[in-house]
Structures are given as structure tokens and as C-alpha cells.
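Participant: What follows is the residue order along each chain.
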Amino acid sequence: MTNVIPTSQRSSGTGLRTLAEKVWDKHLVTKGEDGTPDLIYIDLHLLHEVTSPQAFDGLRLAERTLRRPDLTIATEDHNTPTLDIDKPIADLTSRTQIETLRRNCAEYGVRLHSLGDIEQGIVHVVGPQLGLTQPGITVVCGDSHTSTHGAFGAMALGIGTSEVEHVMATQTLPLNPFKTMAITVNGTLRTGVTAKDIILAVIARIGTGGGAGYVLEYRGEAIRALSMEGRMTICNMSIEAGARAGMVAPDQTTYDYLEGRAHAPRGADWDAAVAYWQTLATDEGASYDAEVIIDANKLEPFVTWGTNPGQGVSLSGSVPNPADIVDANERSAAERALEYMDLEAGTPMKEIRVDTVFLGSCTNSRVEDLRAAAEIIKGKTIAAGLRMMVVPGSARVRIEAEAEGLDQIFLDFGAEWRFAGCSMCLGMNPDQLEPGERCASTSNRNFEGRQGKGGRTHLVSPLVAAATAIRGTLSSPWDLVQDGDQ
Amino acid sequence: MQKFTTVTGVAVPLRRSNVDTDQIIPAVYLKRVTRTGFEDALFAAWRQDPDFVINKKEYQGARVLIAGADFGIGSSREHAVWALRDYGFDVVLSPRFGDIFRGNSGKQGLLAGQISEADAETLWNLVEADPGIELTVDLVGKTVRVGDLTVNFEIDDYTRWRLLEGLDDIGLTLRDEARINEFEATRESWLPQTLPARSPESMY
Ligand code: SF4
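Respectively, the protein sequence lines represent chains Y and E. The first sequence runs 1 to 486 under the UniProt record's numbering. The second sequence runs 1 to 204 under the UniProt record's numbering.
Quick caveat, the hints were computed from the structure, so don't treat them as lab data. Glycine residues also receive a C-beta, built at the ideal position from the N, C-alpha and C atoms. Check each hint, because a few of them may be wrong.
Unchecked claim - No farther apart than 35 Å at their CA atoms in a straight line, the calculated lysine-lysine pairs in the DSBU-like style are these: (1) Y:22 <-> E:31; (2) Y:453 <-> E:31; (3) E:57 <-> E:31; (4) Y:453 <-> Y:380; (5) E:107 <-> E:56; (6) Y:179 <-> Y:87; (7) E:142 <-> E:56; (8) E:57 <-> Y:31; (9) E:3 <-> E:56; (10) E:31 <-> E:3; (11) E:3 <-> Y:31; (12) E:57 <-> E:3; (13) E:107 <-> Y:179; (14) E:31 <-> E:56; (15) E:3 <-> Y:87; (16) Y:26 <-> E:107; (17) E:142 <-> E:107; (18) E:142 <-> Y:31.
To be verified - Just so you have them, the derived chain Y footprint on chain E, three or more residues with Cβ under 8 Å: (19) 17-25; (20) 34-43; (21) 151-157; (22) 160-174.
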């Protein structure tokens, strides 16, 4: 994309390295020669029921063992229902995948958090919550949103099923070198503007292919000011810009989040770990292959109008006119998107009425996200005819939220309070949109049919989700202030 | 993975180009949880037609598929290779392959050999004139022999070497297992471990 400006030269020869290069170098088992990939050691392997069965089966067929069960952990998330979780799963394919995971984990000695377990939940919520996701480690999972874990300064890569098998057998992966891109977010976010708006604006700027081949490093004042939850939201969607991974250098915010978590280092180990973590930040003077600069001061709540995450606009804007798009491919994609979304060019985004609001997914389902939304809706009533589903990212998030009374706020408002899982993020479990149903969703993909066949998705932040649930049309907390009922 | 040297067997002439992975294995079969048993899924839509070439009795037990140009284009599903292997194919010959499909083939012990358009035509004609005739694919010499005829096929040196050695990706990496052991021995003790499981409640 034209918006990605290649910087002069990678800092080769200077000895100065970026965060991503440091983590990579630290995990180099063998350096590739003559165009063969590097062999990289994997510190943490996360499994779920969809991409692991055939990997286990491959292992079994080749009579290989799981090399490091102690660096492997599994959870059930994609197929699990968020209601009646004590009943057998109705859908046969879903049930088979879950049962297969349970059998495989028992056979190979893998720690599994099943439906009903306090640590069960979306795989990308569970790893950080347990303190397993740590700065400077390598993390893989057979899931594209593994990039989430990069928020800790880890190199976190989504992989395919055959790579899952490869990591199971060898605890390594052959990987090709990457390019680096700095996403520098200067300034300060205004109240009502969140991490989700930053990443939606980044993707709209560089396009869904703009990050291809790159590891993105988010830096700058506005990133430093974000909580770990906000950083996870941003890294989570790196993949939607086509990037291989997204990272944020660890700092005090990171250490504070980790300290005291179940699997965080303790005592002398903690000190040794922090000493290593402090070496990870990109060296002063190290250069990137490309850089994108964003001004946080100017950002507004951002929403998507189309069928890929790059088709977004400020909430104060309007549905674009495809005729104004220069690039022929993008123009026809926009035309198709408007037809699918049933939108007219020029319609103000704020006039778009939605049927459903979904607050959940590995992008925005942590306690902080739920808390932020609850604060907006507290004491209000849901818009007539609208349904809102609130789905915590993990069983533990659900319990924490309930301890704070958030569940009651959502229930009083008129929303549904569900059990943890991927839920309506993807049409793989019972939570789906009906054909033609329009949804404001805090998830990460607005592809055709992603939330159910024929469903129409607008990607939004938790704050926009909450304000939209009150007003019935795409809205932000700013609109509530204007309504005079803040 | 078995070492690959030569294969002698019946060849199926598939006179179609642009055969994408969705035609090789339709999406409905991707829901399965096993790595094997995809033989019924191969060309499932086309096989409903009794006259489809693979259904003919002369071609039962075939090991070589001779396809038109751009075989294996489309979505990257590895199942396409599994289905061909499970059905019994060891070799696919085509004037051009989808890149990802070709990469996946080498990893799963399926030889994807590139032949010229003219040779594809010649082989189709030969096989159709004498259905069930066996041909021999020789990976060492990179040739296809049928009767008196010999044609050459192309395959990159790296993939050829892997097939000759019978190395899948994991086998390839495990040749460096000593290096992995050495690396592991240097890992810091405080790096995260999933086992034994700890929970916040049991921490202190
Ligand atoms: S919540 Fe959505 S994006 Fe995240 S892991 Fe589940 S299905 Fe994937």
C-alpha cells in the first residue's frame, strides 16, 4: 500500500536491534542457509479443539511423541455453547471436536481447561490471565489471533494444523525471516476513544494487506498509556492488517499486570525475568523496514461499514461512495460490500440502525472491556427491539465481573449475560446472526457470513457497542453527552 | 514418510485444467477430525457422475494422475493432498501447479511433477487408447516411461531430495535434534511452564 513508507535501511551492521529481532535471535536454534528457514524454539504452545485434532492424529500415525507437554496447554472455546453448558453439545461436529480434544489431551498428558472449568475460555484470554504469556517468549497457536499475546512483547504467531503437529513433535518451527514495521501512535486519546479505535484506524490506513510479511511494533505515547487489555486489543487485530505478528515492548504496565499471576515467575526468578524483560525494548537508533505514524489526538470512535476490517471510517463520517475510490479492485470490493451490507453510499454512519450488539471475543471480552461498557449503560434501558449479548472471554472473567456486580448492570439494562467462549465472533456455535441481521460487534472480523450466514457486522469498540445498545443506531458515548442524559 | 524412488501403476487421464482445491475436496469434508480416510472425499462432486473418468473400472487402483494446467489452485487446504494420497495416488503430473498445493504435496509424499503441455497431451492420448496401461515414474531420473515412450518431468531439487529421503517437515527438523537438545539445555528456569498447573487460589 502507498501509505506504508519504507524507511531508509534496516539497521544491519550497526548491532542495533528492534524488539522483534531480539526475541527472534534469542530463540534461534539453527540459522537457515541458502534460503532455508531459521529454526525457532517455541516457549508456549496453545491448543484448542478446531486446529488440533489432525495434528494429534498425525503425531499418532507417525508414532511420534509430544515433546513438551509442560509447554503446552489446551482450552475449549470455538465450538462451545454459552448457554446450558452442563448439557451435551447439540451440534454433532462441534461435539466431536470437543470430545476429540479431551481424548487427545488425556492420551498425551496435556493440561486442558474444559467447559465448566474456572480457567476455560477463549485461548487468547486464558494464556495472559494465567500469567503464561510473558515478555520475550515465543508463543504459537493454531489460530490467527494468536497475535494478541504480542501485547506482552512476546513473538506470537498464528499457525496452521501441520505446523501445530510440527511444534508438538519438535517444540520448534522453521520460519522465514520477517520485515519490521513501526506503528507509532503519538499524542493522547480523547475520552471515549479506545485501543479498538486505534487499530481500526491503522487497518483502514494501511489496508488488509498492508502488513504482509511484517511484524508490527506498536509504539509511541498513546501505546505507552494503554493498559495491557488495550494493548491486547491492538495486537489481536494485527493479523487483520495482514501482518505476521504485532508487538508492544514490555514496561511497568506489563510487569504490574503479570506480578502475582498463577504462572508468573516468583521471588528470585521474578527478578531475573524482569532483568531480561528490561533488555527487550527496541534499541535507540535501530531502524525499521517501514513506519506508519498515527496522531491519537485526532482519532475519533471508528467503525467499519464494509466486509473487511480495512473498510472503516470515523463514526462521524458517512458510508463512502465506491465511485470515489481510485483503485479498481478496492472500488469493486466496496460495491460488493455495500450490497452485502445493504447500505447506501453517503448514509451517515450514525443513522445506521442495528438489531444486535455483541460484546465479546478475544479482541474485547476482558474485565476492563466489560467494565467500560457497563459504566456507559448503567441505569439505562436497552433500545426497543434490540438484543445485546455479553460474553466474557473466560470463566474467570465472568466470575470477576460478577464479583463487581457487572452482570447485574447488564441484566438490568436488558442484555443477556452468557458463559465464556468465542460465541458470536464466528458462526461455529449456536450464537449466530440470522440472515440480514445487523450487528455492532466488538470482535475482529466483519467478513461475509462470519457471524452467521447472511449476517451483517459492524466492528466497534466496547464503548460504541454500549452507546449503540442505548440508542439503537451506531453511536458513541459522545452522542450520549449530546443527548444530555449523561 | 516412505522413501520415494519409482512408482509403476495405472494412470488416470484428467483432461481438465484449473482444478482447484475445492474441486479436489469440497469444503464439507473439512470438518473431520482425522488425518486419514479422505478417499471418499476426493473429487466428491464430480464422482457423482458415473462417467467421470476416475469411476471407470479400467482406472481402478490408479497411482498416477495426469491433469491439465493449474492443478491445485485456490484455498490452501492440506486436505487436498491428503485426499489424493488416501485415494492411492503417489504422483500428479500437470503442466503447472498452484504454489501452495505444490508445497503441501512435497511435505506429504505426493510427487507433483511438471510436464509440458505437449507431453500431457501425448500421455492422455496414450492412456486413453489403452486404458489401464501402466506407466513408470522415476524420481531419480525425473522421467515418465510408458511402453517405448519416455518424457521428462520437472521438480525442484530440494523437494526431490526430500521425497527421495522420505523426509516430512518434522523428519527434516529432527535431523537437528541434537541442536534442539542443546538449545533446550540453555533455557532459563523461570520461563513459563504449564505443568504442574497452578491457579491463583493455590498460589500462596
Ligand atoms: S473469539 Fe473469535 S477471533 Fe478470537 S479465537 Fe475465538 S473465534 Fe477466533
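Participant: With reference to the structure, classify each hint as holding or not holding.
Facilitator: How the hints compare with the structure:
no.	hint	verdict
1	Y:22 <-> E:31	violated (39 Å)
2	Y:453 <-> E:31	holds (17 Å)
3	E:57 <-> E:31	holds (30 Å)
4	Y:453 <-> Y:380	holds (32 Å)
5	E:107 <-> E:56	holds (30 Å)
6	Y:179 <-> Y:87	violated (48 Å)
7	E:142 <-> E:56	holds (29 Å)
8	E:57 <-> Y:31	violated (51 Å)
9	E:3 <-> E:56	holds (30 Å)
10	E:31 <-> E:3	holds (30 Å)
11	E:3 <-> Y:31	holds (27 Å)
12	E:57 <-> E:3	holds (29 Å)
13	E:107 <-> Y:179	holds (26 Å)
14	E:31 <-> E:56	holds (29 Å)
15	E:3 <-> Y:87	violated (48 Å)
16	Y:26 <-> E:107	holds (28 Å)
17	E:142 <-> E:107	holds (18 Å)
18	E:142 <-> Y:31	holds (31 Å)
19	17-25	violated (count 0)
20	34-43	holds (count 3)
21	151-157	violated (count 0)
22	160-174	holds (count 6)
In this structure, the hints that do not hold are numbers 1, 6, 8, 15, 19 and 21, in rising order.
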